[in-house]
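Chains as they are written, first to last, in the UniProt record's numbering: chain A, 1 to 406; chain B, 1 to 406.
Don't take each hint at face value.
As the list makes no split between identical chains, a pair holds if one copy fits it or if it spans any two.
Stated by the list, open to error - As a list, the in silico DSBU-like pairs of lysine-lysine whose alpha-carbon atoms are at most 35 Å apart:
#1 Lys363 to Lys132
#2 Lys322 to Lys182
#3 Lys51 to Lys298
#4 Lys132 to Lys94
#5 Lys53 to Lys265
#6 Lys286 to Lys156
#7 Lys53 to Lys298
#8 Lys53 to Lys252
#9 Lys156 to Lys94
#10 Lys94 to Lys6
#11 Lys298 to Lys156
#12 Lys182 to Lys94
#13 Lys322 to Lys11
#14 Lys363 to Lys156
Hints listed in this document are in silico derivations from the structure and should not be mistaken for laboratory results.
Chain residues, written in single-letter form:
Number of protein chains: 2
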Amino acid sequence: MFLKSKEIHLKCTHCSQITAYQKASIVCPLCGGTILQAEYDLEELVHCHWKDKLSTRYPSLWRYHELLPLFDSNHIVTLGEGWTPLIQAQRFGKLIGLDYLYIKDERQNPTGSFKDRQASVTISVMKEQGIKEMVLASTGNVAISYSAYAARAGIKLWAFLSGLTPDEKIREIQLYGAEVVKVPGTYDQTKQVAAEFAQNQGIFLDSGLKSFTSGESMKTMALELGEQLHGQAPDWFIQGVSGAMGPIGVVKGFEEMMALGMVDKVPRLGMIQSSGCNPMVQAFEKGEREAIPVTDPKTAIATLATGNPGFAYSWLYDLMQKYGGAMEQATDAEAYTVTRLLAQTEGISVEPATAVAFAGLIKLAQRGIIQPQERVVINCSGHTYPVEEQILTEEFAPEASTQFKW
Amino acid sequence: MFLKSKEIHLKCTHCSQITAYQKASIVCPLCGGTILQAEYDLEELVHCHWKDKLSTRYPSLWRYHELLPLFDSNHIVTLGEGWTPLIQAQRFGKLIGLDYLYIKDERQNPTGSFKDRQASVTISVMKEQGIKEMVLASTGNVAISYSAYAARAGIKLWAFLSGLTPDEKIREIQLYGAEVVKVPGTYDQTKQVAAEFAQNQGIFLDSGLKSFTSGESMKTMALELGEQLHGQAPDWFIQGVSGAMGPIGVVKGFEEMMALGMVDKVPRLGMIQSSGCNPMVQAFEKGEREAIPVTDPKTAIATLATGNPGFAYSWLYDLMQKYGGAMEQATDAEAYTVTRLLAQTEGISVEPATAVAFAGLIKLAQRGIIQPQERVVINCSGHTYPVEEQILTEEFAPEASTQFKW
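Here chain A stands alone, though its shape is the one from the complex:
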């Protein structure tokens, strides 16, 4: 109810046209551009008292509803996502030479990854817009998350999954009742197939960074960090990157908090890619603003196997020029080693894509790019969870060849 009075505008990243956001306005009315960014009346918000009440609000990302693109709280589709713990990693930090390392534990979201932020905000906006059916392409985590929230909202979901998606993740997606289409190809090819299907069928396509709700959702990580660190932004924000939606959203969050007087700066970005799929790293090393796609990713880590980052890299590159930052890469083997090290020093078990970020962080510290005294926050993006394989196999995928074990 409480959201109805706010004003939101959408700015086209192509022609800079600014339009009042209304239901169903998801393309630029001037040029047809599809990459829009939400803008809020920050001057109005800076004088409001909502900031003083923040600390007593319910700990989910929706506590920042003034800065989220929803008009009516009745449309919120939530599983309690966000406001994840910020955990100081003293033992692991000491091992790698960092005195103030903090882990933003995104594993503690409803489906175990930071994609739940995106699903909650996007599905809520879709509910507000009256959309009943949608298509997306995924390497696994996004589809798991969206299928959970779509089930909750009663929205039909078509999940197109790339060839690397593990069977366990596919079973989880099916459990939520989504329609699964396996594409025997790369993530980039899967996105293409999904887009064609959506267009042919006239179904709404959620296209990652191009859907303005994605960046809006990811920025809530920054809003939480500002509150958890009492207005002192970290010196560095570290994340494994594939499509770059996370860091782009996080920077927007810090920028908005700067405008609202809630933090003191925007952190530098430490962006880590898999060595087997590193188009951004290659371009960044050469100082280039455009990345050459990797057409044949050589990594087993599906979540990081985006060969063609497209405009997202250029966007990220510009932000890193403005606020500072560094790119690094890590091999799958390095990631697996770090998985064990992190579990045994901090009690934190992560999925391989997350381990790549930790492995890259070690290198940035070793290279002296990150200094021992700097405050570092790393996005601990997803969990290595035990699955009740027997159950899911027997009941939900009876055709699977896995042997039932008891």
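Use these hints to put chain B onto chain A, whose structure you have.
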């Protein structure tokens, strides 16, 4: 720092002797009894202002430190556990005829189950007591949770696992660096083997309900419910039961809140067991205070396969006589069916032991024992997560026969 001034006493459940709790006092000095319950100076606390500040405190179970058995906050071993979301289940509730069904989403804990409460409180107390090594018996979830927190605290953990423990859970436990001992028998047999090992080696044994920290940790669920429901206790608290530690702790939490004027009542208990291992249900139906052990559990759901509940059942029985409640049971097949129903209506994916509780809830509603208008909270105790099987298999269990898939 802030915890040092408080007074805690331990009451022996055998001889009722009350002793001031100090470091290392973990048995009754009068009779040697090992089942102790913590007591706090509630009369002092009722006049304090800490309750007014609760809503601004960090959302973890440690926000209730006045009611937890730790003296020095420097000993807290935390991964941000607790203060899990309370999610209203409107669609699933409507299907089963309940208007006010709330899911306490314990999946959103650091290792994905409510056992993280127990691990955080117990390992913190062990750290305070200077204990460096410990033994426990488990069917999986407790060992996963303890191994994570023990790793974080630098405590060596011996995990004795029953024969039903899934391989995925064992790998997760090994990832954290715990010593794993697989016992090819029931959970009751595993507990016996673990106890003998601990005694022979002179290592501290964590023995579930007998360790007073366990009940203390579980009661934090009640404290959170009191706060999340604004002082109105639910009419029912539902949980799948095996060792009964959860509900016994929860009742203690509501009792303390009653004494502190923070809630209006103690809820009735809806306790669900697996049909294949239902010693409590059998005894309760006959109105008996002692349960006859099930020596050969016939369920594939390890988490609920405690054949001999021992004194825990009598304790629970007394509480259910005092506050009201009902017992129910569900088969494995019923649990699997409910897993799908819950995922597709609410976007919540649960492990089989949790699904048993939901299946039993349906029966309690159908039988009219729970009325449509009553407020019901169910402990959504653990997650059905996808595991990155490939990684864990290849790196951490190279001897496993599972085929590497890409």
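- Which numbered hints fail: 2, 3, 6 and 7
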